[in-house]
Structure formats: structure tokens, C-alpha cells
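**Q** Chain order of the listed sequences is A and B. Count along the first sequence from 1, add 1, and you get the number used in the numbering used here. Count along the second sequence from 1, add 1, and you get the number used in the numbering used here.
By construction, these hints were calculated from the structure, which means they are not laboratory data. By construction, the Cβ of each residue, glycine as well, lies at the ideal position given by its N, Cα and C atoms. Any given hint could turn out to be false.
Below, a list of computed lysine to aspartate or glutamate pairs in the EDC-like style, where the Cα atoms sit at most 16 Å apart [as the list claims (entries may be wrong)]:
(1) B:Lys-5 with A:Glu-259
(2) A:Lys-381 with B:Glu-318
(3) B:Lys-382 with A:Glu-318
(4) B:Lys-5 with A:Asp-148
Cβ-to-Cβ under 7 Å is the rule here; a few derived chain A residues that face chain B [as the list claims (entries may be wrong)]:
(5) Pro-17
(6) Glu-289
(7) Tyr-319
(8) Ile-322
(9) Met-346
(10) Ile-349
(11) Gly-353
(12) Met-357
(13) Gly-363
(14) Pro-365
(15) Val-372
(16) Gln-376
(17) Leu-380
(18) Lys-382
Ranges between beta-carbon positions, derived for each pair [what the hints assert, rightly or not]:
(19) A:Gly-30 with B:Glu-259: 42 to 52 Å
(20) A:Glu-41 with B:Ala-22: 27 to 37 Å
(21) A:Gly-332 with B:Ala-154: 51 to 61 Å
(22) A:Lys-381 with B:Tyr-222: 51 to 61 Å
(23) A:Pro-198 with B:Asn-263: 30 to 40 Å
(24) A:Pro-198 with B:Arg-32: 36 to 46 Å
(25) A:Pro-18 with B:Glu-259: 17 to 27 Å
(26) B:Asn-263 with A:Glu-259: 38 to 48 Å
(27) A:Ala-304 with B:Asp-290: 51 to 61 Å
2 protein chains.
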Amino acid sequence: MKDKQYLLIPGPTPVPPAVTAAMTRPVIGHRSEDFARLYESIEEKIKMVFQTKNDVFILTNSGTGGLEAAIANTVNPGDRVLALITGNFGERFANIARAYGANVEEINFGWGKDVDLRAVEEKLAERPDYKVVLATQNETSTGVLNDIAGIGALVAKTNAILLVDGVSGVGGVEIKTDEWRVDILITASQKAFMLPPGLAMLSVSEKAWSVIEQNKSPRFYFSLPAARNSFVKWNTAYTPNVTLFMGLEAALEMMLEEGLENVYARHLLLARATRAAARALNLSLLAEDRCASPTVTAVYAPAGVEADALRKVLKSEYGVIFAGGQGHLKGKIFRIAHMGFVGKMDVIIAVGALEMALAQLGCPVELGAGVCKAQEVFLKKAQA
Amino acid sequence: MKDKQYLLIPGPTPVPPAVTAAMTRPVIGHRSEDFARLYESIEEKIKMVFQTKNDVFILTNSGTGGLEAAIANTVNPGDRVLALITGNFGERFANIARAYGANVEEINFGWGKDVDLRAVEEKLAERPDYKVVLATQNETSTGVLNDIAGIGALVAKTNAILLVDGVSGVGGVEIKTDEWRVDILITASQKAFMLPPGLAMLSVSEKAWSVIEQNKSPRFYFSLPAARNSFVKWNTAYTPNVTLFMGLEAALEMMLEEGLENVYARHLLLARATRAAARALNLSLLAEDRCASPTVTAVYAPAGVEADALRKVLKSEYGVIFAGGQGHLKGKIFRIAHMGFVGKMDVIIAVGALEMALAQLGCPVELGAGVCKAQEVFLKKAQA
Chain A
2 MKDKQYLLIP
12 GPTPVPPAVT
22 AAMTRPVIGH
32 RSEDFARLYE
42 SIEEKIKMVF
52 QTKNDVFILT
62 NSGTGGLEAA
72 IANTVNPGDR
82 VLALITGNFG
92 ERFANIARAY
102 GANVEEINFG
112 WGKDVDLRAV
122 EEKLAERPDY
132 KVVLATQNET
142 STGVLNDIAG
152 IGALVAKTNA
162 ILLVDGVSGV
172 GGVEIKTDEW
182 RVDILITASQ
192 KAFMLPPGLA
202 MLSVSEKAWS
212 VIEQNKSPRF
222 YFSLPAARNS
232 FVKWNTAYTP
242 NVTLFMGLEA
252 ALEMMLEEGL
262 ENVYARHLLL
272 ARATRAAARA
282 LNLSLLAEDR
292 CASPTVTAVY
302 APAGVEADAL
312 RKVLKSEYGV
322 IFAGGQGHLK
332 GKIFRIAHMG
342 FVGKMDVIIA
352 VGALEMALAQ
362 LGCPVELGAG
372 VCKAQEVFLK
382 KAQA
Chain B
2 MKDKQYLLIP
12 GPTPVPPAVT
22 AAMTRPVIGH
32 RSEDFARLYE
42 SIEEKIKMVF
52 QTKNDVFILT
62 NSGTGGLEAA
72 IANTVNPGDR
82 VLALITGNFG
92 ERFANIARAY
102 GANVEEINFG
112 WGKDVDLRAV
122 EEKLAERPDY
132 KVVLATQNET
142 STGVLNDIAG
152 IGALVAKTNA
162 ILLVDGVSGV
172 GGVEIKTDEW
182 RVDILITASQ
192 KAFMLPPGLA
202 MLSVSEKAWS
212 VIEQNKSPRF
222 YFSLPAARNS
232 FVKWNTAYTP
242 NVTLFMGLEA
252 ALEMMLEEGL
262 ENVYARHLLL
272 ARATRAAARA
282 LNLSLLAEDR
292 CASPTVTAVY
302 APAGVEADAL
312 RKVLKSEYGV
322 IFAGGQGHLK
332 GKIFRIAHMG
342 FVGKMDVIIA
352 VGALEMALAQ
362 LGCPVELGAG
372 VCKAQEVFLK
382 KAQA
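So that you can see chain A by itself, here it is in the shape it has in the complex (with noise of 0.2 Å):
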């Protein structure tokens, strides 16, 4: 069955049957009441994800618009940045900053690693005069889950302000925004929020509407003063994809009605019997468990075994799609999500398919044994 497909990468994910549907409601024009109201909608329940009174955006952009429009209303050219990377988004963020002349210093912790707050601790004290820290909450290209809390604590001591990239994060993994000291937080839809792709929502506190004020960068499609101006209105400055307003407003709907701490609780219990599964069939994950990202888990092909040569196998016999590694990784990893409108079936879905498609590639297996795994931290659950 060709057609027959379990999307089980970190983004685009897949999306309810009852977002689907609340997208093929009529399209309606943004400049008017109707649109207002939905806005006003949205924009109430994104703040109890997020866990904050800050102001909140959604801009109709994917998530690197998102981390661009953080950037260009916050740095200037030669400004100091400090970038806590982790791996590829890690990355990404800091060559935003690089394309707007910021002056960036990276700690990188290795792919495959947290962030090490006595690291960030120190490097904080040793230059006073840092305007930016970029962090990631959780690193989609290593499956690993940053302290936020802790980097916001460090970060509130000084004048920066700190960006948190929580594109394939928030919606699956509790963020206290405004507890945690986040100055601007950005994510987007189609992750934990269930929908394609195609927004980003973001917020904006005052310490960091103090630097955007004084910002000198180019920006108009990004501009959050300009974004800031229509939201008074409960506009948006530029054309919305008003479609996608309407399915954010019925995800975050379902997101509720599951209740928050259910949804993140669901998220980690697949988290936890996934990787029990990968161990059970002998294979090496790449994050600690300490660090382990509760919505995308990665994994090491067994030696011998290309990893985008079992994605192959998975996606022609089984209709089950991974993602590959990024950068050095590529080829040498895959990557399960377990993100969004996905449940304990996902995951059998994912450890029954990958046991027969490296017992198909040769590697000695022992079939059902993964499966068994993951059945018996359902059920440890399901007694608890």
C-alpha cells in the first residue's frame, strides 16, 4: 500500500484528523472581525503553552523565519552573541546571527551533548558584554533536551537577552517562559502543534522589546514593532495564512482538552519506550538519558549498516518513515520522532518495522524483542 504511510519524522508531523478538518472551513479575509476573534482565540491559548504573559506573535513563515525575525530585532552588526549549540539547529541559529553582523562566540558542546551550564556560567563571567544569547531547548538533529531553566537563570543575571529556539520542543515539552526567564521563545507548527508547516509563534518580553526598541537592522517582513502595532487590532501586519490560524486554533483545542501536563507526560512515556525498545535490539543511542529529548529519539545504525539504506527498506516495505542524521551524521544515524498527534501504536509501529528491516539487511535481530520492550513500558505505566 503505497500510499499507506507513518510519518514518524520530527516535522513535518502528523496532523489530526480534526485540524484537517477545521482547515477546509471557507477561507476568510484577515482584515476582518471574524479573523480578530480567531486571533484573540489562538493567541489565549498559546500563552498557556508557552506559560507566559509576554506578548506572542505568529508569523506566517516556517521556523527559521521565526529564528531570523528573533535575530534581526534584536542584533546589530558587531554585536556580541553568544550561541550554546548542540548540534545543527544550534548551529543554524548562530549563522543567523553571523548573516546580520553579529560578532558570535559559540560554545559548542558536541552533537550528541547538552549544554553544560558550568560552561555558560563561566564564559558569562568572563565578558560582561555579551547583547544575545542563543540557545536551543531541544536539538531536533541529535535528539537531545537542554536546560532551559538553568541557561535562563544564568542569562537573567546579565543585560543579555536570551533566545530560545523551541521549534520541535514547545507543545511536546513543558517551557515556563516567564518562570524560566525566556526573552524571546519561537517555535513553529509543525511539530508538537500538529499542523504543516507554515508558522511560527513567538514571544517577546519587555527586557527584549527594550533591545528590539533600539535596534537598527533591516527588517519589515520580520519587524516585530511593525508586528506589534497590528496586534493591537488583533491583526497581523502582513497576510496570514489565515488557514493555518484556523487549524492552530483546533490543535491548541486538543492540546487542552488532553490537558498540557498529559500531553507532555504522553510524549515522554514514547520517549522512554523507544529508546527501551532501541536498547533491546542492541542499538546505541546518541543522547544520554539524562538529556534525552522526550519527542525525538536518535539512534545508531548497528555496524555494518548504512542508516539511510534501512530508512529505504523502512519506507518501500513498511511505509515507515524516519528521518536520516544531519552533518557528520548523516548516514550514520536515524532519527524517530514521537512528536505531536502520535501514541503508544506509533511507537510499536516503529520498533515492529525497524526489527524487520535490519533483519532484512542482514543483521542478526531478535524479532519481536524491541516490541516487547516498549509493551513493557506501556504497561508499566498503564499499572502505575
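Knowing the structure of chain A, use the given hints to seat chain B on it.
**A** Just chain B now, with coordinates in the frame of chain A:
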């Protein structure tokens, strides 16, 4: 994720995205050239699935309406009808004949058994005056496949016409309407044809027409002569469900693109894997291998477990939906469909969830053991 369900019942079955997309096309008028071309395209393809040169009709009603059309056009009060019964749907077919005043003689082979050709041969030899013989290709209530070729060869030697309920078989199991001498074959949209419910398809042989033309039973909506009169202009007698017609064309295109032989082989493989998995879990199967349905498998719940309680856990905990038992098997068996838009992972889902649900109900079950057996069946096939 309460919205995420795996529908594994013997109809309605999951609808493929390409079929759903086709059904979102704007509605068209049914007395139009566009509709005539659509009907023409469908008719040609249905004849390929039915393996027939007979007339084929598409009625806007569910399968039971199709069965009634077959009866209403062939049975007069007092007519002698022989009903070959292997389960609930065989009984229903006989009851429809009774509703039209038929003098029905039943051979009931028992639920879980298939038609014994020797018994049919004897019965037909005993009384040469049967006007109609009723048979079920695939008995949905028990997961039994009957030998229509064998039955057809016996009935063809008599003056009786053979009416075959192919509702849960056709499209998933090969049928050779003409070669097997099936006079009226009836099937429906919501099973192996991968559509929502609402259409019945049937074919009518020359031998059947000679009976239909002399039939006196009241019929209007179900009138096959009326259908034939409209069909000369590629039309229907009354308003057809044009949206389902659009979907049917897309579904038939999918089936022919995959290749009918491949479609049938896929169903058979999924049935074999399901049965192997059930046996590995020490569960008893209702039907013997010899007459096992390729589209649905009936399994006894283990001792001490109510089948419907098991189904409740499967649905609420895993979103996996099996059918229950019918008639005297209610609460004793559950039925797993592998019918229509289904592939290997559907069996993994069914078995993976079944193992967990059994464990939750306190059954001694070796987690992963059933999944492993299903995987072995798939891998053996892949290597063959």
C-alpha cells in the same frame, strides 16, 4: 490520542487519502455527460475486478440493499430457494428471500465451517425445482471463505440461478464471476473497495435476466430492469451518490495500479500473518486454515476473558478497533479485519495492541511473541 484510531473492523474500512481527495471534488449533476463518463470509467474497471462480461450495476444503498435487489428481482412468493448458510450473513440472505415469500430450504453448515459441496450436490439432486441458490463468498461473521467455483459448477447444471453475497470478499479475494457461473454477484463499497458505505455493485448474467424478466415481486428503487434501461445512457434510474462514484473510480484506479493479483496476494499474506500471530499467543481460531478468509480473521477470546471487554481495552488504551462476535458468538470471539487499505503494519498494530490488552486483562501472554510470528511471515515472503 483519542482522535487517533486504527479501524480494523470488516467494514467500513479505512479510506485512502487519494479516495478521500477524489470525494472532495465538487458534486456534479447525475444527468450530465460528466457523470456518464465517470460511470463508464467505473463500469469498465468493475468488470475487471468481477472478471465478467455481464451487465454491472451500481446502486446507491448499502450491501444489504444490493442483496435485496438481487432477491426482489428474482424471487416470487412460493419460489423454492436453497440457502447455503455459514454464518450471520448467510442467514440474512435467506431472511431477505423469506421477506419476499420464498419457500427457503437451508443447509446450515455451522458457524466457522464452510460449504460442503457434497451436501449441496445431494440437495440439488434431491429436488430439481430450486429457482434460486443463495451463497456467501466470504462469511464476515466467521471469517470463512466458501468455494464459489465449486458451488457455481453444481448450480450451473440445474435451472436455478446462483446469487452470491460477495460483500466482504470481492476486491480482496479473487472472484471469477463468469468462469464460476455466478448469476448475480453482489458487493458493496465499504469493504475491500476502501470507500465509505453507500454503494452496492452487482452483476447480472443472461441466465439471471431470463428469471428477472418474469419476476412479479414489487420493486421500484431496486428494479434491475429500470437500472438496465437507464444504463444504456450510462446513467442510473434514480439519483446516485455521485461523490461515492468519484471515490469508487479513485479506489478502482488504486487497485488496478497495484495489480489485482498483488491485491489478492497482499490480503492472503496479512491473513496468514494474523493467524500465525494468534496461534503464537495460544489463541484459537474459529475457521480452519483450509477455508480461512483472506479479509477477516475470527479469534476466540482466551478462557476467562470476555471478548468485548478485550475490545474495550483495545479501543480505549490503544485506539485499535476490532469487531466483536455476532449471534451466539457475541462476547466469545473478536474479529480482526485485514481488508482494503491495509498493509503489514496493520497486522503489527493489531497484534501489538492485542498482546498488551491481554496482559492488562491478566492473561498470561508472552509480549512480542505474536508480533514476532507475524514478522516472520512477512520476512519469509520478502525473501521468497
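**Q** Against the structure shown, which of the earlier numbered hints fail to hold, in ascending order?
**A** Numbers 4, 6, 8, 13, 14, 18 and 27, in rising order.
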